[in-house]
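Novice: Construct all of the structure, not just a fragment, from the sequences and the given hints.
What follows is each chain in one-letter form.
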Amino acid sequence: MNGIDTGALLRYADLVDDVPAFLEAAARPLPRVVWPNPLKGDPERIASRILQRCPSAQPMDWPSGAYLVPAEENPGKWEEFHLGLIHSQEEVTLYPVYAMDPRPGEAILDMCAAPGNKTVRIGLATGDSARIVANDVSWQRLRALRDMNDRLGLTCIGVRRGNGLQIPGEERFDRVLLDAPCTGEGTSRKSQGWIRHQKEGDWHKMSTTQRGLLRRALNLTRSGGLVVYCTCTFAPEENEWVLSGIYESVARIEPLQLPSGVRTAPGITSWDGKRFRDDAVNAARFWPHQNNTGGFFVALLRKL
Amino acid sequence: MPYCENFEPFPGAEEFWSYLRRQFGMDPEAFRGYRLWHFPGRPAVWLAAERFVPEEEDGLETMGLPVLRRPLPRGMPTTAFLQRFGHLAEKNLIRVDQEAIIPLMQGKILPWDVETAKAGPCVVASDLAILGRGWIKQGWLVLDAPKEWAKSLEDEGQETGASPDRSA
Numbered sequence: 103m104n105g106i107d108t109g110a111l112l113r114y115a116d117l118v119d120d121v122p123a124f125l126e127a128a129a130r131p132l133p134r135v136v137w138p139n140p141l142k143g144d145p146e147r148i149a150s151r152i153l154q155r156c157p158s159a160q161p162m163d164w165p166s167g168a169y170l171v172p173a174e175e176n177p178g179k180w181e182e183f184h185l186g187l188i189h190s191q192e193e194v195t196l197y198p199v200y201a202m203d204p205r206p207g208e209a210i211l212d213m214c215a216a217p218g219n220k221t222v223r224i225g226l227a228t229g230d231s232a233r234i235v236a237n238d239v240s241w242q243r244l245r246a247l248r249d250m251n252d253r254l255g256l257t258c259i260g261v262r263r264g265n266g267l268q269i270p271g272e273e274r275f276d277r278v279l280l281d282a283p284c285t286g287e288g289t290s291r292k293s294q295g296w297i298r299h300q301k302e303g304d305w306h307k308m309s310t311t312q313r314g315l316l317r318r319a320l321n322l323t324r325s326g327g328l329v330v331y332c333t334c335t336f337a338p339e340e341n342e343w344v345l346s347g348i349y350e351s352v353a354r355i356e357p358l359q360l361p362s363g364v365r366t367a368p369g370i371t372s373w374d375g376k377r378f379r380d381d382a383v384n385a386a387r388f389w390p391h392q393n394n395t396g397g398f399f400v401a402l403l404r405k406l
Numbered sequence: 003m004p005y006c007e008n009f010e011p012f013p014g015a016e017e018f019w020s021y022l023r024r025q026f027g028m029d030p031e032a033f034r035g036y037r038l039w040h041f042p043g044r045p046a047v048w049l050a051a052e053r054f055v056p057e058e059e060d061g062l063e064t065m066g067l068p069v070l071r072r073p074l075p076r077g078m079p080t081t082a083f084l085q086r087f088g089h090l091a092e093k094n095l096i097r098v099d100q101e102a103i104i105p106l107m108q109g110k111i112l113p114w115d116v117e118t119a120k121a122g123p124c125v126v127a128s129d130l131a132i133l134g135r136g137w138i139k140q141g142w143l144v145l146d147a148p149k150e151w152a153k154s155l156e157d158e159g160q161e162t163g164a165s166p167d168r169s170a
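Respectively, the protein sequence lines represent chains W and E. Heads up: the first sequence begins at 103 in this note's numbering, then just goes up one per residue. Heads up: the second sequence begins at 3 in this note's numbering, then just goes up one per residue.
Note that these hints are calculated values from the structure, not bench results. The model shown is predicted, which means the values in this text are computed figures rather than measured ones. Treat each hint with caution, since some may be false.
[Unchecked claim] If you only want the chain W side, here are some residues facing chain E, beta carbon under 10 Å, derived:
1. Pro206
2. Gly207
3. Asn251
[Claimed, not checked] Using 30 Å as the maximum straight-line C-alpha spacing, the simulated DSS-like pairs for lysine-lysine come out as follows:
4. W/Lys179 / E/Lys149
5. E/Lys153 / W/Lys179
6. W/Lys292 / E/Lys149
Glycine included, C-beta positions come from ideal geometry on N, C-alpha and C.
Specialist: Written out as structure tokens, the structure is:
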């Protein structure tokens with residue numbers, strides 16, 4: 103039977119350091135990051151506008167000029183947003199791109215890109231000077247990505263529509279981001295603390311899709327290149343188990359670089375009688391109470 | 003060069019750079035790091051970073067930033083393009099006060115008795131940002147504002163004492 107409440111999160115109680123704090127945080131409204139767009143003017147000047155708009159905003163160490171604004175603010179209605187001076191997104195979604203560390207001139211694939219928050223961060227990280235292919239299966243969600251790109255003024259992103267499993271070619275990209283479709287258990291803070299209960303078969307079905315996408319992502323990555331695998335869910339079936347579907351001779355899981363002060367828990371190597379890859383410990387679990395964010399999972403795979 | 007099956011370098015690039023110089027006084031040298039692309043048989047033209055050379059297998063539907071929705075001479079630079087590069091304009095550049103930003107973005111028209119703009123579109127700018135593509139028509143300044151801005155900025159507009167809207 104499907105139901106929705108944070109009680110579903112108790113499934114992960116033995117993975118969390120502080121269960122009451124975890125459950126309390128998972129139900130709290132989620133603050134948002136607002137960052138200045140360096141393509142549209144002096145970031146410091148734009149940052150001062152953010153503070154004018156929201157005096158209670160908290161400055162962040164990274165990204166430069168970014169602020170954390172309370173959940174009750176709606177930066178998407180500010181004129182600075184419409185003019186492309188700023189963008190607003192959930193904090194934890196910044197970290198896969200930080201871990202990816204994209205460089206100018208690289209060929210980069212964002213495999214499940216819409217609505218595009220991570221894609222535009224990749225574009226900015228390259229100085230708007232790369233070949234970024236943003237793929238998604240949903241035409242409607244790609245429209246949001248195109249609107250975001252046009253608003254922020256990036257010239258290095260191309261959009262394609264299709265199933266990520268069917269992106270043609272081999273070893274064509276230096277870096278690939280796979281923000282995989284998932285059961286979304288880490289997004290409870292965006293829905294007043296409610297999440298959908300999953301059945302055992304739901305995780306299995308989702309992880310089968312995720313394994314296929316990760317294999318395809320590695321096929322599309324050049325030898326020595328990087329794949330960032332991430333989900334917004336806690337289920338080991340959708341995270342460490344998916345990583346364990348990759349032969350260790352194909353890719354190794356490397357430690358993540360994250361901004362200083364960001365707290366994470368390591369990936370796990372066993373759960374519920376299942377054994378995962380030893381190097382899954384290098385992946386990062388983001389629990390909501392650790393950094394006051396949504397829940398997330400990020401792993402960095404180096405193709406051998 | 004491994005061009006995408008569909009996107010190709012835009013053959014009218016020189017004409018477009020000349021148009022930008024003529025209409026807005028933009029120096030084509032400022033676009034040295036970019037190239038124009040189009041999808042043969044479709045009217046839109048796209049601006050992409052020079053390093054963005056699509057591969058055939060990319061199968062792209064859009065590429066970079068849209069600059070023209072239809073060809074010159076009837077087409078005109080998009081709001082997205084002018085918001086990013088309008089700061090390069092030295093001609094047909096209209097500067098508005100802070101108080102004019104919200105009404106213009108809400109699709110309202112403002113009295114404009116200074117005939118600074120010649121025929122064709124102008125770049126509307128404020129101290130805050132480039133607002134986009136505008137027009138001066140019979141003593142009024144109009145901004146080509148996307149319709150969704152008006153609803154989103156509704157609350158702010160009520161506080162600004164804006165000029166009559168276009169339907170007035």
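Novice: Could you tell me which of the hints above the structure violates, numbers in ascending order?
Specialist: none
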